[in-house]
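Here's the letter readout for the chains.
Number of protein chains: 2
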Amino acid sequence: MMVEIETSAIDYEIRAMFRTVIDKTEGHHPSFRKALHIAANSALGGKLLRPRLFLDLYEVLADPDDKFRYDGVESPVKEIAAAIEVLHFAFLLHDDVIDGDFIRRGRPNFISRLAQQSKISTDDHHDAERKEWARSSAILIGDLLLAEVHQIFARLDLPHAKRLQLLDLLDHAITDSIIGEFMDVSLSKGLISPQLADVQQMSRLKTATYTFELPLCSAAIMAGYDPQKSAEFATLGGLLGLLFQFQDDFLSAFGNQAEHGKDELSDVREGKETLIIAYARKTAAWPLIQPYFGNANLNKENIREIKELLVTCGAQSFLEDTIAHTARLCRDQILRITAFSPAEVPVLLNALVDSLEGRRS
Amino acid sequence: MMVEIETSAIDYEIRAMFRTVIDKTEGHHPSFRKALHIAANSALGGKLLRPRLFLDLYEVLADPDDKFRYDGVESPVKEIAAAIEVLHFAFLLHDDVIDGDFIRRGRPNFISRLAQQSKISTDDHHDAERKEWARSSAILIGDLLLAEVHQIFARLDLPHAKRLQLLDLLDHAITDSIIGEFMDVSLSKGLISPQLADVQQMSRLKTATYTFELPLCSAAIMAGYDPQKSAEFATLGGLLGLLFQFQDDFLSAFGNQAEHGKDELSDVREGKETLIIAYARKTAAWPLIQPYFGNANLNKENIREIKELLVTCGAQSFLEDTIAHTARLCRDQILRITAFSPAEVPVLLNALVDSLEGRRS
Numbered sequence: 003m004m005v006e007i008e009t010s011a012i013d014y015e016i017r018a019m020f021r022t023v024i025d026k027t028e029g030h031h032p033s034f035r036k037a038l039h040i041a042a043n044s045a046l047g048g049k050l051l052r053p054r055l056f057l058d059l060y061e062v063l064a065d066p067d068d069k070f071r072y073d074g075v076e077s078p079v080k081e082i083a084a085a086i087e088v089l090h091f092a093f094l095l096h097d098d099v100i101d102g103d104f105i106r107r108g109r110p111n112f113i114s115r116l117a118q119q120s121k122i123s124t125d126d127h128h129d130a131e132r133k134e135w136a137r138s139s140a141i142l143i144g145d146l147l148l149a150e151v152h153q154i155f156a157r158l159d160l161p162h163a164k165r166l167q168l169l170d171l172l173d174h175a176i177t178d179s180i181i182g183e184f185m186d187v188s189l190s191k192g193l194i195s196p197q198l199a200d201v202q203q204m205s206r207l208k209t210a211t212y213t214f215e216l217p218l219c220s221a222a223i224m225a226g227y228d229p230q231k232s233a234e235f236a237t238l239g240g241l242l243g244l245l246f247q248f249q250d251d252f253l254s255a256f257g258n259q260a261e262h263g264k265d266e267l268s269d270v271r272e273g274k275e276t277l278i279i280a281y282a283r284k285t286a287a288w289p290l291i292q293p294y295f296g297n298a299n300l301n302k303e304n305i306r307e308i309k310e311l312l313v314t315c316g317a318q319s320f321l322e323d324t325i326a327h328t329a330r331l332c333r334d335q336i337l338r339i340t341a342f343s344p345a346e347v348p349v350l351l352n353a354l355v356d357s358l359e360g361r362r363s
Numbered sequence: 003m004m005v006e007i008e009t010s011a012i013d014y015e016i017r018a019m020f021r022t023v024i025d026k027t028e029g030h031h032p033s034f035r036k037a038l039h040i041a042a043n044s045a046l047g048g049k050l051l052r053p054r055l056f057l058d059l060y061e062v063l064a065d066p067d068d069k070f071r072y073d074g075v076e077s078p079v080k081e082i083a084a085a086i087e088v089l090h091f092a093f094l095l096h097d098d099v100i101d102g103d104f105i106r107r108g109r110p111n112f113i114s115r116l117a118q119q120s121k122i123s124t125d126d127h128h129d130a131e132r133k134e135w136a137r138s139s140a141i142l143i144g145d146l147l148l149a150e151v152h153q154i155f156a157r158l159d160l161p162h163a164k165r166l167q168l169l170d171l172l173d174h175a176i177t178d179s180i181i182g183e184f185m186d187v188s189l190s191k192g193l194i195s196p197q198l199a200d201v202q203q204m205s206r207l208k209t210a211t212y213t214f215e216l217p218l219c220s221a222a223i224m225a226g227y228d229p230q231k232s233a234e235f236a237t238l239g240g241l242l243g244l245l246f247q248f249q250d251d252f253l254s255a256f257g258n259q260a261e262h263g264k265d266e267l268s269d270v271r272e273g274k275e276t277l278i279i280a281y282a283r284k285t286a287a288w289p290l291i292q293p294y295f296g297n298a299n300l301n302k303e304n305i306r307e308i309k310e311l312l313v314t315c316g317a318q319s320f321l322e323d324t325i326a327h328t329a330r331l332c333r334d335q336i337l338r339i340t341a342f343s344p345a346e347v348p349v350l351l352n353a354l355v356d357s358l359e360g361r362r363s
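Chains as they are written, first to last, in our numbering: chain A, 3 to 363; chain B, 3 to 363.
Since the hints were made in silico from the structure, they are not lab data. Just to be clear, a hint being listed does not mean it is correct.
Copies of the same chain look alike in the list, so a pair counts if it fits in one copy or across any two.
The list that follows gives simulated cross-link-like pairs (lysine-lysine, DSSO-like), each with its CA atoms no further than 27 Å apart [said to hold, decoys possible]: (1) 26 <-> 191; (2) 274 <-> 191; (3) 49 <-> 69; (4) 191 <-> 133; (5) 274 <-> 121; (6) 36 <-> 274; (7) 121 <-> 191; (8) 274 <-> 133; (9) 36 <-> 191; (10) 302 <-> 121; (11) 49 <-> 274; (12) 164 <-> 302; (13) 26 <-> 231.
Hey, can you work out the whole structure from these sequences and the hints?
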């Protein structure tokens, strides 16, 4: 039977991880401790996709007699779940610095909140300076959290070989994400020319490995599956990551703004090299779209025109087909996993594919 | 007998560490691999103070029959030495992003070199954009190196308890450095008021722990010293860090520019809250110095005037006295260590105090 992991239980673990970090700064300057508290609050309130996926899969994969319990007592499973979410948050901190963003999940991000809450008085008008300082703080707190994630993996009370497997996985996830983010920045600054293959690889690297491969394979390793079987989960992770990213691109262009919480056509405004743009570039519609690409100030009329161009040039249906095709590849891979897993595993994983394919936010 | 560790041997290990990182990016976009090569070249050419201190001390502390060999074969000692230097380099990358610096050790830093070498053509005039991209790259490569340092400590082929001791030490060094850098930024942006105690604590946190405590204690732990004895090295590390920082402040104000490679009065130009400034603030000379504080464009006459004010207000002799006093505290602590160490240890450590006290660059 699939066990629904409570959000509050994961939140509790994330809080505990921040508590550990804050305790280490005992006696140090209160402004740093305050910044950490703001970071903890910013880290909470997400969808917890990654730790949830890890815990749900672990729950159905692990032998009931051999399972790490995560109610009440300390367990490596709980710690890994929190570390996976905090790794995601640390990446967001550095991404927001790099992209100059102040909004995340539809609300002020850490940088924005820290800058606001550090106002010395109501007639303090050094907004730009405080934002710059808050960005520096986001670099430093991201570093501290990245270090803490490693400390958790490095200290797991497991046989050394198993710890090394998990460390390999963490290393792989971090390396991929960093290369992906580097390519993303390089593409948007024009330092890599926007080839479709590069755009797709960037998307996969930046998100898929740490969002899907890391939780899925960590669950398989913790449940005692051998490297060959864990590798099947890695393959699925890569496909799920693509599905997630394509759906993201689709929502940015054609989704309901109220549901996904970003500006309409935010990717176009930011000049972001998505799959939809890579396709549109090769069509006759591109010269008409290009003037708007990277233009932050689009009016309603511009938006209507761009959307229509993306439909008529075939980019919309191309992306829909790609999403459907990728979802099929995911289901095929789940079949392969079914061969060696308990019956609840394909149920859980197919439900995940359904939710990714149909998500609206 | 004290063994002089060759610079080339340490350089070799640092290169090997970068080689490992670069190998992990095999098949990925060449521009990222190129950036890593530039990072490797930027990381080399330093004074190697930290790994040298670690290796020199390990060499005289360790029981000859029980020593890890680091000629030829893989040894945790070699790996730790490289990781200590690469940690330093990762901090420099993020510090340079935070401070907006393009010069390091008197030559173009990683950011500056990457921006320059990524010029697509000679008539590429997007200098500001390329610098911004290079700063983003410095954040990402700093993250990757920080992760690699943790991987090295986490994977050391040592008894788990010993590995945990080293992980504690790494954690402590990173936490202190990050809090110190946070305080430094907060002081220079005026978000923490410049109290002498905070300025001193900032200096200690930012540099002392990872520069002295980490190498000294790592050597003690690797040589098999118990936590109580290792703690005596930690105390010495804190004092050496203060000595180093005070000497740095002194050189910035009164040193020979040609020898230390920074602009004359660079700390004053940058509005940096050093011990010398904290002292001067409490004197009658401050209203005369303040107009120049944080002013990047000082002429020869300004510089002459500020230096004279720092002498007449007593800041110079206060700093000289503080340096001499701190050096004495270091020598007292070395006496304590002498009680339980081989005879070469105080020789090595006292020579270090002499060189820090008398350094000109």
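*Enumerated hints in conflict with the structure, sorted upward*: Violated: hints 10, 12.
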